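Protein chains in written order, with numbering that gives the first Met the number 0: chain A, 0 to 552; chain B, 0 to 365.
What the hints contain is simulated information worked out from the structure, not anything from laboratory work.
If you're wondering where the values come from, they're calculated on a predicted model, not measured in any experiment.
Hints are not guaranteed to be accurate.
Straight-line Cα separation of at most 20 Å, EDC-like style, residue types lysine to aspartate or glutamate; simulated pairs [claimed, not checked]:
hint : chain 1 : residue 1 : chain 2 : residue 2
1    : A       : K383      : A       : D507
2    : A       : K537      : A       : E398
3    : A       : K461      : B       : E224
4    : B       : K207      : A       : E18
5    : A       : K502      : B       : E25
6    : A       : K27       : B       : D72
7    : B       : K313      : B       : E224
8    : B       : K221      : A       : E18
9    : B       : K221      : A       : E14
10   : B       : K221      : A       : E26
11   : B       : K13       : A       : D282
12   : B       : K207      : A       : E14
13   : A       : K531      : A       : E416
14   : B       : K13       : A       : D356
15   : A       : K461      : B       : D72
16   : A       : K27       : B       : E225
17   : B       : K13       : A       : D354
18   : A       : K277      : B       : D18
19   : A       : K40       : A       : D242
20   : A       : K370      : A       : D356
21   : A       : K363      : A       : D242
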Amino acid sequence: MSRASITKAHQKIQELSWEPTFVSPVEKFSTDYTFEKAKKKDPLKQILRSYFPMEEEKDNRVFGAMDGAIRGNMFRQVQQRWMEWQKLFLSIIPFPEISAARAMPLVINTVPNPEVHNGLAIQMIDEVRHSTIQMNLKRLYMNHYIDPAGFDITTKAFQNNYAGTIGRQFGEGFITGDAVTAANVYLTIVAETAFTNVLFVAMPGEAAANGDYLLPTVFHSVQSDESRHISNGYSIILMALSDERNRELLERDLRYAWWNNHAVVDAAIGTFIEYGTKDRRKDRDSYAEMWRRWIYDDYYRSYLVPLEKYGLVIPHDLVEESWNRIWNKGYIHEVAQFFATGWAANYWRIDGMDDADFEWFEHKYPGWYDKYGKWWERYADLSKKNGHGPIMFEGDKAEYQYPHRCWTCMVPCLIREDMVVDEVDGQVRTYCSETCHWTDAVAFRPEYNGRPTPSMGKLTGKREWESLYHGWDYADVIKDLGYVRDDGRTLVPQPHLNLDPKKMWTLDECKGHTMQSPNVLLNQMSPEEREKHVAHYKAGGPAGRPAPQEASA
Amino acid sequence: MSTTEPQSTRSVPKPVFTDAEAGALEFPSSTSRSYNYYTPAKRRATIYEDVTVDVQPDPARHLSQGWLYGFSDGVGGYPENWTALKSSNWHAFLDPNEEWEQTIYRNNANIVRQVSQTVANAKAAGSFLSENVSWLGVVEKHISAMAHAEHGIGMYVYTACQRDAPTNMINNAIAVAAAHKLRFAQDIILHNLEVSEQVAGFDGSAHKAVWQSGGEWEAVRKNVEEITGTRDWAEAYFATTMVFEPLVGELFRSHFVMQVAALNGDYVTPVVVGAGEADVSRDRAAARRLFRLLVDDPEHGAANRATLEGWLEKWVPASVKAGRGLQPIWSQVPDKMITFEESRSRAVTCFTGLLDELGLNYAKEL
Ligand SMILES: [Fe+2]
Ligand SMILES: [Fe+2]
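Okay, chain A solo, but in the shape it has when bound (with noise of 0.2 Å):
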């Protein structure tokens, strides 16, 4: 369609929507952000007669190109170390994808906009086409690379894995809660129009420079849906600013929101992308690099700052110190190495790091090898069946104390002078940070700054996952995962990528260590012995390494 007979089309479909003067739709959804006095601001147009014909053209690049992988025989030339990592990945993404197609009605339900409505409703199809093809993606990596161990249990092991709960709580993130604050401000403010970047755009060319193309050309076909979604949600945004009393929300949360995207996009993204690569050209971007190029400058200086013109105050705090986490705290690495400390409760393998890794770290992070070199030889070490148990039970040896989790964020505290202890709803929770603190016991809470929020959220859940195993043997927590490969002993998840059958881990390896929870613990300790026991901590690290027995914070 042309330009012109699009805009007129675009006008013309305004006509469908009528005041209801019987009845209004029910409000199934609530929010506390007020729309009474919002000006209307209209998305991009969009109709459905261009948009079908237009998906289906890029659908069919998508399958063209699945087709010619299996023909050209692409995984022959992929990286096991990359697409190991895939396992653990597209098990998570379909789901915050369908949950997004799922947040369309709370918004459709609260912003009183119908054409910002319509936008919405394409945005919904767009997310059911997301998550399927993705699931088809992963699909046609079951049948095709050399081990499908992991993929064959996905959906399973996203649902009842510490790592898979991470990314989950990304998709409920965006359809639960106060409506406004999930599906605008979490989902499309910062998760789609900031950090869909660094998914869908930064992890296609580290897949492509592993040797696999297939995942560039469908999260590319991802991507381009993305500008409509942006768009959708920036009008809504405006809407809201229109509003005076919708300021105080606006900046809870985008608090919140920046932060517990960082928290969960980065550590998984970052990881994936520098310790799931074999490419170790200096001159390719490292995580940093692109973060500061897509995240900072694209999206927090061109996106975010120009809002203030609304007279909004936008967190330059917490965008100023999730780069200080990266590139000071070494906030990837940190997760890096607890995702292989934790391997065997995995269902991915995960390979461990050798000189030309750490060439490059050390390029790339001045000061990366002291911190951590020691200890992922240390890994590879560990990696060999030898008599010793997974690494995990080895601490004296890793020198590694195994961390307390976040309560709010769920990953764990690891830059161990940041951990906040409190009792909130009558239990001891640990928290990764000041922010990650703040979300759970002031930000989620009927009441904000002395006014009610009754729409707002809470966090629920068994958060920490390791408090479901507490006292078990290990064994039994694999075997309880399912994680076990159909010898009915070998495990899923290894500490390197050797397939012979006889350096693979089993159950057997694993037997005789108890698995324990740090909350549990944590909070059966007497105050004073909490207190020592939470000082200790915080003086340990970085790299895990604990604090020597008298040090403290």
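Knowing the structure of chain A, use the given hints to seat chain B with the ligands on it.
Here is chain B with the ligands on its own, set in the frame of chain A:
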């Protein structure tokens, strides 16, 4: 920090032979090439099942840590009590249309092409001008008014309900039905635009008043608005697919428009409306399967049947009234090839067929 180098100096990764192809080695699980966490309906899993089943978690299945976010009352995820109906296994429902990404775009793009070509041909042939004038009045007022109902169902019933059901299979089927309705509503209104550009005196915006202010469509609008006002997703879905559609939507579309349009020299409208009809029967297949499973449920079947019969009490009179309200439209066409009562009896036959299929009773007069 090391800043970004210009893209042009970036080198290119070299292809490496890794032999990471399926079958290159034998080891435990090296042949485990199907999703093993659910049991497919047939021997082999379909693509549809693989890309849909268990994507929406469920604490009753694999979800071990529970929902991580709650609404202000602490309830999160997809609460089963968002409908009064109960199931001993919500996951048993699979969409008979097996809709996923590829089918959605293939089918809808085909309809777009079909409609566009028909319109282009009609324009080239100048055939809008040869349509019967009083028929053009029906297109202008009533067929265009119906677009509002289609839009309202797509946007404020189906789009709203696809958030609510306990499984991904149900929610996706409803999301696809929403896409159909929204496209159909736009097709009708864009056809209206086309005709208003071709035919002098055709009032492209007349439908707004016809829909909004009294007359033939008032009870239809009331019916649709009442469905949008329903919190129980299954009730709204039932009231739409099993009651409103046969007694109102199809009464007008299948048993009137499709019967008389061509006789009045209009061959474009039947293409547009026919596509909408095909979608409705496609989407109804999903609804039929869902409600069938619920009335056959070994534990809850009887209770579900009672609930559904209660909903019939509530919704059938509204839709009967809405259908009756449309009666005057039948006499606005000169070539009256079908009487209102004939159309209505066909609609009622279809409706009672659906009730029989589900074993539901509706005692009152239709
Ligand atoms: Fe998406
Ligand atoms: Fe945190």
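Taking the hints in turn, this is what the structure says about them:
1. A threshold of 20 Å between alpha carbons decides the hint, and for K383 (chain A) with D507 (chain A) the separation of about 14 Å falls inside it, so the pair holds.
2. Note on K537 (chain A) and E398 (chain A): the hinted pairing holds, with a Cα-Cα distance of about 15 Å set against a maximum of 20 Å.
3. Only pairs whose Cα atoms come within 20 Å are accepted, and K461 (chain A) paired with E224 (chain B) is rejected, the gap being roughly 40 Å.
4. With a C-alpha separation of about 11 Å, the suggested pair K207 (chain B) and E18 (chain A) falls inside the 20 Å cut-off, and the hint holds.
5. Restraint check: the Cα-Cα separation between K502 (chain A) and E25 (chain B) comes to about 13 Å, which is no more than 20 Å; the hinted pair holds.
6. For the suggested pair K27 (chain A) and D72 (chain B), the alpha carbons sit about 13 Å apart, so the restraint of at most 20 Å is met.
7. With a CA separation close to 14 Å, the supplied pair K313 (chain B) and E224 (chain B) stays within the 20 Å bound.
8. Note on K221 (chain B) and E18 (chain A): the hinted pairing holds, with a Cα-Cα distance of about 12 Å set against a maximum of 20 Å.
9. Restraint check for K221 (chain B) and E14 (chain A): satisfied, since their Cα atoms lie roughly 18 Å apart, inside the 20 Å limit.
10. A distance of roughly 18 Å separates the Cα atoms of K221 (chain B) and E26 (chain A); the hinted pair therefore holds under the 20 Å criterion.
11. Distance restraint check for K13 (chain B) and D282 (chain A): the Cα-Cα separation of roughly 14 Å lies within the 20 Å cut-off, and the hinted pair is therefore satisfied.
12. Taking the CA atoms of K207 (chain B) and E14 (chain A), the gap is about 7 Å. The hint holds against a cut of 20 Å.
13. The suggested pairing of K531 (chain A) with E416 (chain A) holds, with an alpha-carbon distance near 14 Å, which does not exceed 20 Å.
14. Taking the CA atoms of K13 (chain B) and D356 (chain A), the gap is about 16 Å. The hint holds against a cut of 20 Å.
15. Straight-line distance between C-alpha atoms of K461 (chain A) and D72 (chain B) comes to about 17 Å, which keeps the hinted pair within the 20 Å bound.
16. This hinted pair checks out: K27 (chain A) and E225 (chain B) have alpha carbons roughly 14 Å apart, not beyond 20 Å.
17. At most 20 Å may separate the alpha-carbon atoms for a hinted pair to count; K13 (chain B) and D354 (chain A) meet this at roughly 19 Å.
18. Restraint check for K277 (chain A) and D18 (chain B): satisfied, since their Cα atoms lie roughly 15 Å apart, inside the 20 Å limit.
19. At roughly 13 Å between alpha-carbon atoms, K40 (chain A) and D242 (chain A) fall within 20 Å of each other, so this suggested pair holds.
20. Using a Cα cut-off of 20 Å, the hinted pair K370 (chain A) and D356 (chain A) holds, with the two alpha carbons roughly 14 Å apart.
21. With a CA separation close to 46 Å, the supplied pair K363 (chain A) and D242 (chain A) exceeds the 20 Å bound.
Checked against the numbered hints given earlier, this structure breaks hints 3 and 21; the rest are met.
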